[in-house]
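Visitor: Sequence:
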Amino acid sequence: MNPWEATHPVSLEKAKEKIERDFPSLKPASVKAYGSGFDHTVYEVNREFVFRFPRRKLGYEAMQFENRVLKSLERLNFEGGFEYPKPVFYQEAEGDDYPYVGFTNIKGSVLTEETDTDLLHHHAKELGIFLKKLHALPADQIDADPDHLHRLSTKLRKKHFHDIASESEPVIPRALYKELIHYIKNLEEWENEPGTVPLHGDLHPKNMIVREGRLTGIIDWGDAHIGHPAVDLSVGYACMTPEVRTVFFKAYGEVDERTQDLARFKAVFIMTVLVRYAKNTEDQDVLRWGLAGLEKSLS
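Counting in full-length UniProt numbering, the sequence shown runs from 1 upward without gaps.
Certain hints may be false.
To be verified - Calculated pairs, SDA-like style, for lysine to any residue (alpha carbon to alpha carbon, straight line, at most 20 Å):
id : residue 1 : residue 2
1  : Lys-133   : Leu-76
2  : Lys-86    : Lys-133
3  : Lys-16    : Glu-44
4  : Lys-32    : Glu-17
5  : Lys-125   : Ala-136
6  : Lys-155   : Glu-191
7  : Lys-107   : Glu-74
8  : Lys-132   : Phe-249
9  : Lys-132   : Glu-79
10 : Lys-86    : Thr-104
11 : Lys-107   : Gly-81
12 : Lys-18    : Thr-104
13 : Lys-18    : Gly-95
14 : Lys-279   : Ser-166
15 : Lys-32    : Glu-113
16 : Lys-125   : Thr-246
17 : Lys-86    : Phe-23
18 : Lys-132   : Asn-77
19 : Lys-155   : Leu-187
20 : Lys-133   : Thr-216
21 : Lys-185   : Phe-161
22 : Lys-132   : Ser-72
23 : Lys-18    : Ala-33
24 : Lys-159   : Leu-149
25 : Lys-16    : Tyr-90
26 : Lys-132   : Val-197
27 : Lys-27    : Tyr-90
28 : Lys-125   : Glu-79
29 : Lys-107   : Gly-217
30 : Lys-71    : Glu-48
31 : Lys-133   : Glu-254
32 : Lys-125   : Val-244
33 : Lys-71    : Gln-141
34 : Lys-158   : Asn-186
35 : Lys-185   : Pro-173
36 : Lys-86    : Asp-22
37 : Lys-132   : His-122
38 : Lys-132   : Arg-258
39 : Lys-107   : Ala-29
40 : Lys-14    : Gln-91
These are calculated hints, taken from the structure and not from any lab test.
Full structure from sequences and hints, please.
Guide: So, in structure tokens, the structure goes:
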């Protein structure tokens, strides 16, 4: 079975039926496809809102996390320089269906739709400031769990990492693939690094919104948690060259060598996951960004 296949698909017609039934104030609802991620099917409604329907169990869990965290950010009046979704609608589960949610619409296109894979170079300072402000929020006022997935444990993930890379080999240029395997083979094994800061948790190109050629929004907070800053700082490796990365880290603040190693690991890992996703779904946009991200994070 394709790991990305939806166990709970929701067609556009079904989404419209549900939304108009559950939220009469939105009738007549103008509904159009807005894309699909790893875990959700997404529809734009009346151009004002984005409704997310979980595609599988992980999506349901992520949606619950996201709703809680975004409410916390809204309560704290968090302003980091980029837009983020505000929860507006929530519908409980019915029968075998999952719950679903509606957020304010962060208008624009997903970053992976951009042809310029260096686009975030223009936002290195802004992203560093955004993460500095996010990580400075009081963790005890954010409704989020600790890192129960052990995202930074190479001891837990190294074999799986190699398996993902091997599965992705057909779409990775030979020289880059050899570099990737060399990195994995020589990767030191360590336990999960603890941390105490609020994190987005999944900051990669499919979760960023661009409008008129500029980064404007950060979406998909379903992996938000309390953990180590390296999880988010990985974006500096995945989307920036070494020269630009220095601007990013300077804006964020002092980052020790250990944190940089952890951030690089997270970047190489998630970019490899993106490449495998692109291979399995034949998504050429994501493949372009995944391969560019591998090159950057390994440099």
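Visitor: In ascending order, which of the hints set out earlier in this document are inconsistent with the structure?
Guide: none
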